[in-house]
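Listed below are the residues making up each chain.
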Amino acid sequence: MKILHVVGARPNFPKLAPVYRAARAAGLDQIVMHTGQHYDDAMSDSFFRDLGIRPPDVNLGVGSGTHGQQTARLMERIEPELVKHRPDWVVVYGDVNSTAAAALVAVKLGQRVAHVEAGVRSHDRSMPEEINRIVVDRLADLLLTPSRTADATLRAEGEPEEEIAFVGNVMVDALLYAVERARVTGARNRVGVDHGRPAVVVTLHRPANVDNLTRLESIMRALREVAGDRPVLFPVHPRTRARLDAAGLDVGAVKLMAPVGYLEMLDLMDAAHAVITDSGGLQVESAALGVPCLTVRDTTEWPETITCGANQLIYDPVGLPAAVASVHRLSQPPRPEGWDGMAAVRVVDCLRTR
Amino acid sequence: MRLLHVVGARPNIPKLAPVYRAAARRGVAQTVIHTGQHYDDVLSAAFFRDLEIPPADINLDVGSHSHAVQTARILERLEPIVIAERPDWVVVYGDVNSTLAASLVAAKLGVPSAHVEAGLRSGDRGMPEEINRIIADRLASRLFTPSRDADETLRREGEPADKIVFVGNVMIDSVLHALPRARALEPRWGRSDRPVVVTLHRPSNVDDPHRLTALAEALVAVAADHQVVFPAHPRTQERLRAGHLSLPGVTVIAPLGYLEMLALVDAAHAVITDSGGLQEETTVLGVPCFTVRTTTERPVTVREGTNVMVRAPSELPAGVRAARRRANPPHPEGWDGSAGERVVDGLEGASL
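In the order they appear, the protein sequences are chains X and D.
The first sequence begins at 1 in the working numbering and counts up one residue at a time.
The second sequence begins at 1001 in the working numbering and counts up one residue at a time.
Here chain D stands alone, though its shape is the one from the complex (with noise of 0.2 Å):
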């Protein structure tokens, strides 16, 4: 069997890192690409690091540009690769521009290809990644879900039961993996133990001059009871200079390895995020989790975790004085550091 996975930003990394791990050890063949789609190459090889797997085989360094236009270059350049390369499965993460793009490359060369984390819906289509999912899902031969909720999505979209393969959460295995060495790392930040990480990066929330200015104000709030460590998007930090937006009280700083940015959440008093990953990662963390937004594509992270879904910033300070972290964090159903073992299993047992 030969995999070809494809990855195009940071928050694929980790989702990457247990499959290959678990097919390297049963000795696969295997090419990683990545698409270069993100801004910080620097940034996305340290992530490889940390993660303790190779550096990806080739780079397409696409670059960021508009959506069609990004999507356009992805499709270009790595058309020619999965020609020469014809391998059993492209497999594709998560939600970004690359995911879309790879799925629609494969499924016109015929090439079946398997999606990471299927099955997850905000409802919001407003969001571009609601539209790669959508896309990648509908393309993929092999559906490989974190929950049994997006199980139940796929059933409900008319995909056939023998493409749905239920595997857990292949981020939490990234995050199980890589906690003794994050626990390892001396602390960077904070003259408390216990600081309030932040992350946020969606336009819905960075571009709306409006929101963006009652986020400061919450969060300068929250500042005066807890340390803020918001380690900033530059497209963020961009859109608060713009807006004249100063934070006393709260450090920002550039974005994070992915280590760093483990220990720092693992210690957190709690975290305020846009982000979909962090939403998991604090739940099996015990970390309590405040998401800025109305959706949440992860409702597991509500339903039996850390999260809280937040709609106007202004109760954030009270919201988050309020929190405590558990001491027993919740585990949902195949939360459980395997979840990269039953995608190979899944797409060894595969018959098309």
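Next comes chain X alone, as it looks inside the complex (with noise of 0.2 Å):
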């Protein structure tokens, strides 16, 4: 059996690392595509390197664009690869453009595609990434979700029982196999952070959140407000500082940092007090490590992180400084159904068995 995976950003890699080494593991033919739709190549190759898998086999150096302009190559670019390999199942992961992009080309060329983390929904389409989503579960032969819940919003869309398989979190796969290696990087004492008052670890990068200036500097105020009590790092998005820089935003304390590899931002989530972020991966990372995540958005696609109780939206920023000062970390990792680290194995007996 041939698999092609297909991945396109940074947040696909350690969805795609257990798959992959699953797959091996069960003697499968692969070929990992890469479509090169992120902007920062340097920081793509660390990441197979930290997630401990080959490079891609091929690389379709996309680049960005609109989302017109970027979905329009991805599609002109896979489509030839696709009909070179003939795979017997094209793996698509999440929710980027290349996850979109590859299920339609796929799909009209008669190929299978199965869905890693099928069924996620924010319930908002104003986020691309939503439409992603739902374009992609409704084209994919296999839809493999992380949750039960996820399988229930399968199911009220209309989706076919069959197609239908519960596996697990694939991204929880990742976190375990790598958090003992990601202790000894030392990423958490380079960056100087007082062990007296663990960090407060911070991402930022949607549209929502960044390119609305009044919103944007509503969260600084917040952030500088936090970074009075305890160390504040936060690994900016190019896209993010670009915001930063262009509105002359007082960063105050906040220590503003290069975005970092895997194994350190795990490292440094793993040592932090809490974690700040509009990112999907980082809750469910930070609530498998026992982290606090305070998520900067009005709707979660990962609802489970909540009812585990390690995450909590905050929309308003003025909320997080003291929510901040409330949270604890918990002091057994929450293990929601599925977050066993063998969430890959159970993607490829499906794939092999179906």
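Calculated from the structure, these hints are not laboratory results.
Honestly, I wouldn't trust all of these hints.
Said to hold, decoys possible - Chain D is faced by these chain X residues, among others (derived, beta-carbon under 7 Å):
1. E79
2. M127
3. A152
4. E157
5. V327
6. H328
Here the structure is a predicted model, which is why all the values come from computation and not from measurement.
A virtual CB, placed ideally from N, CA and C, is assigned to each residue, including glycine.
The task is to assemble the complex, starting from two chains supplied on their own in separate frames and drawing on the hints.
Pasting the structure below:
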């Protein structure tokens, strides 16, 4: 059996890695196609190393653009590859433009598509990721879900039972595999964290937060206040940095850093008092580490991180300082069903038996 | 209110026309984009004329390519137009690649899309049209359906009731609008008054040499009893030549304009087709239709109309021989000539 994995941006790689390893262990032929929709290739390469898998076999170098331009280039470049390789499964991950584009191309070619992380919804269609998710789930032949909530969502959308398979959360597989190696990176010591006052780690990149100047100012005001109390580490997405620079916003004692690799980020989070983010993946990762997460959005696609007590939605940034002061690390990291490090093995079982 | 209509191929134009006219009567600002995904622009232009609507405002000239490349061109070229026009609605029609691409562009830009002819399903994902339909429906903010079974399909797919608006069949609006003019045309074909009209273009029929041979044999047998007129898609003509299939007794002609085709079908003893639209048009004309496919996305034409599904081409000669035109053509609910008006009602009354 031959499987062709399509990944396009950094959040896809921790989802690919455990599936790739499980498929290798099962002796499957596999090809990894990186569309290069993300701008920083250097970052992507280090990600593959960190995750313990080899670099991609094919790089399409699609680059950035508007959604229309990028999706167009993705479709044009993916099609000849799928025609050439004729895989038994095209495996797509998460919710980036490459996920939707690859599914569209594959289905029109009559090739079978499996979606890892199916059925995840924020119910906010102004997020481009939500559009990608609903398109890919509508097209995929095999919907591999991270939670029972996702199963129920897909059923309510009329997806047939035989296409839905609960496998659990592959991001948690990647985290459990990497957490020991993350600790030996020494990242937490290098950034000068005061051990008496564990840091707050921040990531922000969504247009809803960083493209709206009023909102960005109000978030920065809250972060400056938090930084008066304890270290605040903010690895800044280039997009976010450009916005901060353009607005000339005062960052106060907030420590802005270049983006960090997967293992280093994991170590920073693992050592943290709390995480403030608008990313989807970090909500899952901080919960899996038992680190409180404050999500600066009004919706989440990961409701299980909230029900297990690790995550809260704090839409109004004014609420952040008090929330940071009141949270505590969980004594036992929560383990919702399927957060057991075996999700990718179940993915590969499904691919082999269907 | 400002509408941006996107059409891409001939079958879209009879769906656009009644919506365009209804909106124009109410003074709604509207722009028509023709993506040019179809091979024959000349024929497309004739369709606009025949349906009495102005030519498209913008032609994107994407041309024919593989599905991925064609969809890609449409995405790239349409996006800047939607950004510049900022319409209240992007209105998409039917099930061509332009339908899917325009829905995706609109969704990513946060502009609501409305799908005219929503909720149709053949249940066969091997058809590219089926993929286009399910994505256009999933992304649309307003789902205008031609039949109650389409409403039911969308509800089963979890679409909220307030998005689904039953309007009836816009293509039938066009048939009823154009019929008096079609009937006034001088007939150009026929030693007989009642020819059998054939159209075939689907890959499942014309790309499989065995299947195409069986269909050709059946058409030749039908031609023993009736004059057979076959306006053939260039792609189909190419396949016939490649298979060295001659069709003695069958009049193979180039594709026709809307009015001429309507006149031909209206006068026919029966129609043999794999098209979607003809299954519906024959119903309101009372003309027996033999659909050479295993599935239909328009079951109401079988349940209430004149349509019969034919699996084996060898069944065609006897079926056509026994067929009788209906003196009182069936009119399923909403096939009344006012569907375009109801679409515009739905767009104007929409609260998002």
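Here's how the hints hold up against the structure:
1. At about 4 Å, the closest approach between the beta carbon of X:E79 and any beta carbon in chain D falls short of 7 Å, and the interface hint on this residue holds.
2. The restraint placing X:M127 at the interface with chain D is violated, with a minimum CB-CB distance near 10 Å, outside the 7 Å limit.
3. Checking X:A152 against chain D by beta carbon gives a least distance of about 11 Å; that is not within 7 Å, so the hint is violated.
4. The interface hint given for X:E157 is met, as the beta carbon of that residue sits about 4 Å from the closest beta carbon of chain D, less than 7 Å.
5. Annotation: interface hint on X:V327 violated; nearest CB of chain D at approximately 34 Å, more than 7 Å.
6. About 39 Å separates the beta-carbon of X:H328 from the nearest beta-carbon of chain D, more than 7 Å, and the hint is not met.
Hints 2, 3, 5 and 6 from the earlier list are contradicted by this structure; the remaining hints agree with it.
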